[in-house]
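Peer 1: Protein sequence lines correspond, in order, to chains A and B. Quick note on numbering: our numbering labels position 226 of the first sequence as 226, and the sequence is numbered without any gaps. Quick note on numbering: our numbering labels position 163 of the second sequence as 163, and the sequence is numbered without any gaps.
In case anyone wonders, no lab produced these hints; they're calculated from the structure. Fair warning: there could be bad hints in the mix.
In the EDC-like style, the derived pairs of lysine to aspartate or glutamate whose C-alpha atoms are separated by at most 16 Å in a straight line are [what the hints assert, rightly or not]: (1) B:Lys19 / B:Glu34; (2) B:Lys219 / B:Glu197; (3) B:Lys81 / A:Glu239; (4) A:Lys39 / A:Glu133; (5) B:Lys81 / A:Glu166; (6) B:Lys219 / B:Glu239; (7) A:Lys81 / B:Glu239; (8) A:Lys219 / A:Glu235; (9) B:Lys70 / B:Glu115; (10) A:Lys81 / B:Glu166; (11) B:Lys19 / B:Asp38; (12) A:Lys39 / A:Glu128.
Protein chains: 2
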Amino acid sequence: MSNNQSSIISLLKDRASCKGCGLASLCLPVGLVENDVDKLNAIVTRNTPYHRGDMLYNQGEAFSQIYIVKSGSVKAYYEDKDGNEHVVGFFLPGELIGLEAIHTGIHSCSAAVLETTAACEVPFEDLERLSSELPSLQHQLLRLLSREVHNDCGMVALLGNNSAEERVAAFLISLSTRFHQRGLSANEFHLSMSRAEIASFLGLAVETVSRTFSRFQEKGLLEAERKSIKILDIEALNEIGGLCASTAFQLGQKQA
Amino acid sequence: MSNNQSSIISLLKDRASCKGCGLASLCLPVGLVENDVDKLNAIVTRNTPYHRGDMLYNQGEAFSQIYIVKSGSVKAYYEDKDGNEHVVGFFLPGELIGLEAIHTGIHSCSAAVLETTAACEVPFEDLERLSSELPSLQHQLLRLLSREVHNDCGMVALLGNNSAEERVAAFLISLSTRFHQRGLSANEFHLSMSRAEIASFLGLAVETVSRTFSRFQEKGLLEAERKSIKILDIEALNEIGGLCASTAFQLGQKQA
DNA sequence: TGTTTGCATTGATGTGAATCAACCAATCTT
DNA sequence: AAGATTGGTTGATTCACATCAATGCAAACA
Numbered sequence: 001m002s003n004n005q006s007s008i009i010s011l012l013k014d015r016a017s018c019k020g021c022g023l024a025s026l027c028l029p030v031g032l033v034e035n036d037v038d039k040l041n042a043i044v045t046r047n048t049p050y051h052r053g054d055m056l057y058n059q060g061e062a063f064s065q066i067y068i069v070k071s072g073s074v075k076a077y078y079e080d081k082d083g084n085e086h087v088v089g090f091f092l093p094g095e096l097i098g099l100e101a102i103h104t105g106i107h108s109c110s111a112a113v114l115e116t117t118a119a120c121e122v123p124f125e126d127l128e129r130l131s132s133e134l135p136s137l138q139h140q141l142l143r144l145l146s147r148e149v150h151n152d153c154g155m156v157a158l159l160g161n162n163s164a165e166e167r168v169a170a171f172l173i174s175l176s177t178r179f180h181q182r183g184l185s186a187n188e189f190h191l192s193m194s195r196a197e198i199a200s201f202l203g204l205a206v207e208t209v210s211r212t213f214s215r216f217q218e219k220g221l222l223e224a225e226r227k228s229i230k231i232l233d234i235e236a237l238n239e240i241g242g243l244c245a246s247t248a249f250q251l252g253q254k255q256a
Numbered sequence: 001m002s003n004n005q006s007s008i009i010s011l012l013k014d015r016a017s018c019k020g021c022g023l024a025s026l027c028l029p030v031g032l033v034e035n036d037v038d039k040l041n042a043i044v045t046r047n048t049p050y051h052r053g054d055m056l057y058n059q060g061e062a063f064s065q066i067y068i069v070k071s072g073s074v075k076a077y078y079e080d081k082d083g084n085e086h087v088v089g090f091f092l093p094g095e096l097i098g099l100e101a102i103h104t105g106i107h108s109c110s111a112a113v114l115e116t117t118a119a120c121e122v123p124f125e126d127l128e129r130l131s132s133e134l135p136s137l138q139h140q141l142l143r144l145l146s147r148e149v150h151n152d153c154g155m156v157a158l159l160g161n162n163s164a165e166e167r168v169a170a171f172l173i174s175l176s177t178r179f180h181q182r183g184l185s186a187n188e189f190h191l192s193m194s195r196a197e198i199a200s201f202l203g204l205a206v207e208t209v210s211r212t213f214s215r216f217q218e219k220g221l222l223e224a225e226r227k228s229i230k231i232l233d234i235e236a237l238n239e240i241g242g243l244c245a246s247t248a249f250q251l252g253q254k255q256a
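When you get a sec, could you build the whole thing from the sequences and use the hints?
Peer 2: Structure follows, in structure tokens:
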């Protein structure tokens with residue numbers, strides 16, 4: 001085997017491990033020394049990719065592991081007694097899924113994949129054991145849980161007090177920010193979720209979301225062609241959807 | 001000093017420590033052996049009581065410790081750019097306050113006391129250090145953070161999809177459940193928050209909250225005399241506000 | 001190539017809750 | 001005790017968004 005080939009292979013191996021993962025700066029490895037990243041990597045498993053509609057877990061199932069998006073995207077939702085679906089969150093690469101279930105040991109919502117998606121799976125018992133051992137890991141795990149609390153508080157505020165335009169603007173800004181953090185364009189991106197899913201998440205009717213997109217387009221704030229979005233005036237969107245003053249919430253800003 | 005006196009004094013001491021605290025079964029000590037409860041107790045401080053309007057912390061301040069309600073109640077809220085207050089949560093005895101700030105190290109909302117309230121204060125660095133040492137403590141801390149995520153998801157669902165009546169009913173059920181868990185009556189209780197604060201939390205206008213109370217009263221579901229509430233038909237309220245099927249969210253059910 | 005299917009958009013209409021405006025009861029002020 | 005202030009309730013009106021209904025339009029399929 002040539003030197004060249006072996007270096008490519010080791011690169012690929014790295015890619016598939018926490019050490020080589022481009023998301024390490026957003027995810028659990030933050031703050032860990034290399035040796036400890038290896039220990040973390042040892043408890044992580046990576047399955048074959050999921051496809052649109054696949055479930056990571058279902059409402060009511062026992063909780064055993066958390067999931068971390070490696071590529072693609074996931075929605076969390078729950079079904080009410082009438083069978084209606086209510087989206088409670090979207091997850092992008094580097095974001096942890098299943099945290100709501102630690103408390104009871106039962107998943108209170110379901111997680112469905114929105115597009116071809118790779119996920120890392122971390123058995124929670126192992127993660128707890130390793131966190132006891134590695135204070136930095138415990139610290140980052142607590143931070144990530146806290147981030148979720150922070151984001152959800154922001155959503156509660158948004159849903160409680162803001163108009164349709166404000167909600168949609170805030171949603172787009174959130175996505176834009178998060179894509180940017182992941183090295184993608186902040187101005188042009190692809191929506192992996194349908195209008196209905198956006199509407200459900202924002203507590204609006206599909207038609208309202210659609211009309212709001214159209215209105216933003218008329219005002220020259222963005223171009224929306226089905227699922228591809230091009231933001232033309234991020235400042236104006238921020239003006240509309242910017243949640244609040246200086247120090248406060250940054251909706252869905254799920255960075256590390 | 002008589003034997004009698006000394007036993008009273010030691011009882012009072014116990015009351016003021018985690019070991020003798022009636023809330024231990026809801027709070028951080030869950031799962032700890034007696035010796036470890038002492039270690040936890042050693043890092044907790046208890047100040048003189050707070051009074052209505054006192055702040056535990058303000059939006060924008062640096063985060064250094066979490067607060068746990070010992071008696072009384074607290075609201076968390078944030079002010080938007082126009083200076084409007086938006087309540088994002090109410091906290092009862094045994095519930096942890098400030099968790100949203102672990103992530104950034106800055107409080108993204110403010111916490112104000114609603115009535116005469118005693119609180120335990122736990123420096124977060126100390127808590128992290130002790131959690132590394134005591135796996136049971138780490139476990140419970142993670143569970144409590146997860147509970148917060150769980151509850152907030154429930155609120156997102158409630159605010160996104162439910163009518164005024166459903167929101168108010170869910171709110172009352174949540175309070176009733178939580179009071180009951182704390183050894184108080186599930187049917188008769190006192191609201192420490194004003195109509196305006198309830199309205200802000202539920203994303204409604206004060207008038208709507210007031211009218212909904214009146215309507216519930218007309219239907220014979222409850223009696224509301226200013227701040228004292230007497231629930232007459234909890235089943236009916238559950239029917240209206242019960243969030244969803246079997247396994248799903250129990251809004252604000254902040255038990256351990 | 002025409003047909004089906006599943007989103008997305010647009011228009012017309014209806015409604016639940018916000019807003020505006022009194023009013024009342026309790027508490028505070030002096 | 002009279003006036004002022006605050007918190008809560010009730011009524012009238014308005015409006016933002018939901019709902020209902022039709023159409024457009026792309027990808028999937030026969």
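Peer 1: Does each hint hold? Answer for all of them.
Peer 2: We went through each hint and held it up to the structure:
no.	hint	verdict
1	B:Lys19 / B:Glu34	holds (7 Å)
2	B:Lys219 / B:Glu197	violated (24 Å)
3	B:Lys81 / A:Glu239	holds (11 Å)
4	A:Lys39 / A:Glu133	holds (10 Å)
5	B:Lys81 / A:Glu166	holds (13 Å)
6	B:Lys219 / B:Glu239	holds (14 Å)
7	A:Lys81 / B:Glu239	holds (11 Å)
8	A:Lys219 / A:Glu235	holds (13 Å)
9	B:Lys70 / B:Glu115	holds (12 Å)
10	A:Lys81 / B:Glu166	holds (13 Å)
11	B:Lys19 / B:Asp38	holds (7 Å)
12	A:Lys39 / A:Glu128	holds (13 Å)
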